[in-house]
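J.: Chains as they are written, first to last, in this note's numbering: chain A, 50 to 245; chain H, 34 to 354.
The set of hints was computed from the structure by calculation and includes no laboratory data. The beta carbon of each residue, even a glycine, is placed where N, CA and C say it ideally should be. Incorrect hints may have been included.
[Said to hold, decoys possible] Reference listing, derived: stretches of chain A covered by chain H, where coverage requires no fewer than 3 residues with Cβ under 8 Å from a Cβ of chain H:
no.	segment
1	66–72
2	187–199
[As the list claims (entries may be wrong)] Short, incomplete list of chain H residues facing chain A, as computed with Cβ under 8 Å:
no.	residue
3	R47
4	E81
5	E83
6	A84
7	S155
8	T174
[Stated by the list, open to error] Calculated lysine-lysine pairs in the DSSO-like style (CA-CA distance at most 30 Å, straight line):
no.	chain 1	residue 1	chain 2	residue 2
9	H	K192	H	K243
10	H	K171	A	K210
11	A	K133	A	K86
12	H	K192	A	K210
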Amino acid sequence: MPIGIDVSTEMRRRTASWVAREIMPHEPQIRAWLARKRIALDDIDEVVQEAYCRLALLDGVGHIENPKAYFFSIVRNLLIRRLKRQRIVPFEAIAEIDSYCDETPLPDRIAGGRMDLARVACFIAALPERCRNVVQLRKVEGWSQKRIAEHLGISEKAVEKQVWLGIKAIRLAWARWEEEGAAHVELAPRMTEARK
Amino acid sequence: MSVQTSAIWDEAARWVARMDAETWSAEDERALQLWLAGDPRRRGALLEAEAAWLTLSGAESSEQQPSAELTRSPIKGLFERRQVVLGGSAALAASLAAGFLWIAAGTSYTTELGEVRRVPLSDGSIATVNTNSRIEVKLATDRRHVRITRGEAWFQVAKDPSRPFVVEAGRIRVQAVGTAFSVGRVDGGARILVTEGVVEAWAADADGHKVRLIAGQSAFVGDNAAIRVDTTAPSSVDRALAWRAGLIDLSGQTLAEAVSEFNRYNRRKLVLADQRLGGEQFDGVFQLSDPEGFAMAVRDSLSTPVDVSDPGRIVIGRTPE
Numbered sequence: 050m051p052i053g054i055d056v057s058t059e060m061r062r063r064t065a066s067w068v069a070r071e072i073m074p075h076e077p078q079i080r081a082w083l084a085r086k087r088i089a090l091d092d093i094d095e096v097v098q099e100a101y102c103r104l105a106l107l108d109g110v111g112h113i114e115n116p117k118a119y120f121f122s123i124v125r126n127l128l129i130r131r132l133k134r135q136r137i138v139p140f141e142a143i144a145e146i147d148s149y150c151d152e153t154p155l156p157d158r159i160a161g162g163r164m165d166l167a168r169v170a171c172f173i174a175a176l177p178e179r180c181r182n183v184v185q186l187r188k189v190e191g192w193s194q195k196r197i198a199e200h201l202g203i204s205e206k207a208v209e210k211q212v213w214l215g216i217k218a219i220r221l222a223w224a225r226w227e228e229e230g231a232a233h234v235e236l237a238p239r240m241t242e243a244r245k
Numbered sequence: 034m035s036v037q038t039s040a041i042w043d044e045a046a047r048w049v050a051r052m053d054a055e056t057w058s059a060e061d062e063r064a065l066q067l068w069l070a071g072d073p074r075r076r077g078a079l080l081e082a083e084a085a086w087l088t089l090s091g092a093e094s095s096e097q098q099p100s101a102e103l104t105r106s107p108i109k110g111l112f113e114r115r116q117v118v119l120g121g122s123a124a125l126a127a128s129l130a131a132g133f134l135w136i137a138a139g140t141s142y143t144t145e146l147g148e149v150r151r152v153p154l155s156d157g158s159i160a161t162v163n164t165n166s167r168i169e170v171k172l173a174t175d176r177r178h179v180r181i182t183r184g185e186a187w188f189q190v191a192k193d194p195s196r197p198f199v200v201e202a203g204r205i206r207v208q209a210v211g212t213a214f215s216v217g218r219v220d221g222g223a224r225i226l227v228t229e230g231v232v233e234a235w236a237a238d239a240d241g242h243k244v245r246l247i248a249g250q251s252a253f254v255g256d257n258a259a260i261r262v263d264t265t266a267p268s269s270v271d272r273a274l275a276w277r278a279g280l281i282d283l284s285g286q287t288l289a290e291a292v293s294e295f296n297r298y299n300r301r302k303l304v305l306a307d308q309r310l311g312g313e314q315f316d317g318v319f320q321l322s323d324p325e326g327f328a329m330a331v332r333d334s335l336s337t338p339v340d341v342s343d344p345g346r347i348v349i350g351r352t353p354e
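Given only the sequences and the hints, what does the whole structure look like? Please build it.
T.: Below is the structure:
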């Protein structure tokens, strides 16, 4: 155990782990939904960030039954407030977002956790080589940063730097990964999600 | 990201990288608390960075920080198709190569009749897959490889000079570094249209005989390595790729060509009963999903009867006696 773990740190870690499991994998879908409503990317970025801030302030997450819908409703409320403030958005856009019901979850295109893992594997594969090596050893093999440093013959600071780059890249990947199907051009009534 | 928030992200990621290092001290924790107090958005950014990093572990529930040796992370399962004793750097290379195998197994994307699908690839490139097509994608460290087993796709390739982007269509190969182009399989070879940048195309085993195509050019490369570069105007390339928007853009194409194009996208087939009409030329932009609308336009411009009574097909022209 690292030193200095107090109650707030423990809480923070719990929340982070919950977000990693229940929220972030759905972020591309939520962003795609907003993009389809023609919300500008800047606005999407801002409300999503603000929504994470709200989550960070929660005292606990145990009471949240449907995390995805919960997060989505935070995003939606923040967005409506923002759009009203800007006063340049046609009223219909607000009405449309407003009319979105929480109880109908976003259409589930992603077949649960397996798909998320496959996605994560793609994210890792897309990292620059040096960074990818470090991230794989750390997260796939579970080695400590220290052990990785010894193994690769580089300083621990250098490993930490690659971890830093990796975290940034993965965070951006979740935010910029376009949900598959977001840009489907529907030409025929019947569509299939044929993929291996 | 706005400049300001991306600075916060940067710093948040730096804190998480530091926490990950196992040398986290009480002093670090105090410094972090001080940082967090400085701006309300920092708490959110830290949460994002922590969570993003945890998504790579399959986000194990953290009642306790599990020791890596005891817990098998789900992600490891994906990479684990092997028995490797980790040790020297040869083993490291082996482990990384093996880790890669799973990804190298590739992903395939199939579209149905009438479906056009936009597929973002993990390297930042985008493949737009046309109707009734199938592609297989493998992104390796030294090259990006796409095989078109059926149909056609348009690629917007993310720049990465160290990993050439190679598309294989039957015996035909097309290579690009960072550009946009389409490749479609046709009888006896492949059609290539370039919308941006430069590509090289050749037939397998005939790479001494390559053709270099620039934006606005199109070519047919035959399985026998014969190459025919079209001399048409650049705008025809964009027109030929109108399917990306669900449209067909006709500019002097014959009715026979237009009919076969519509039939590539629709279950309800256009049937040309009177073959003499086949050579009539057409201009205009039509919805690919609306063969009936097109048939009506044909009826009006050629004053020919169109029969839409059969839900399975639309008959253009009168069957000659």
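J.: If a hint holds in the structure, say so; if it does not, say that too.
T.: Cross-check of the supplied hints:
Residue count for the segment 66–72 of chain A with a Cβ under 8 Å from a Cβ of chain H: 5. That meets the three needed, and the coverage hint holds. Only when three residues or more bring their CB closer than 8 Å to a CB of chain H does the claim for the segment 187–199 of chain A stand; here the count is 9, and the claim holds. Taken as an interface hint, H/R47 checks out: its beta carbon lies about 5 Å from the nearest beta carbon of chain A, inside 8 Å. Hint status for H/E81: holds, given a least beta-carbon distance of 5 Å to chain A, under 8 Å.
Interface restraint check for H/E83: the shortest CB-CB distance to chain A comes to about 4 Å, inside 8 Å, so the restraint holds. Contact between H/A84 and chain A, as hinted, is supported at the beta carbon level, the nearest pair being about 4 Å apart and thus within 8 Å. For H/S155, the shortest C-beta to C-beta distance to chain A is roughly 4 Å, which falls under 8 Å, so the interface hint holds. Interface hint at H/T174: satisfied, since its Cβ lies 7 Å from the closest Cβ of chain A, which is below the 8 Å cut-off.
With a C-alpha separation of about 21 Å, the suggested pairing of H/K192 with H/K243 holds against the 30 Å cut-off. Restraint check: the Cα-Cα separation between H/K171 and A/K210 comes to about 29 Å, which is no more than 30 Å; the hinted pair holds. Of the pairs offered as hints, the one joining A/K133 and A/K86 holds, with about 15 Å between alpha carbons and a cut-off of 30 Å not exceeded. Of the supplied pair hints, the one linking H/K192 and A/K210 holds, its CA atoms being roughly 25 Å apart against a limit of 30 Å.
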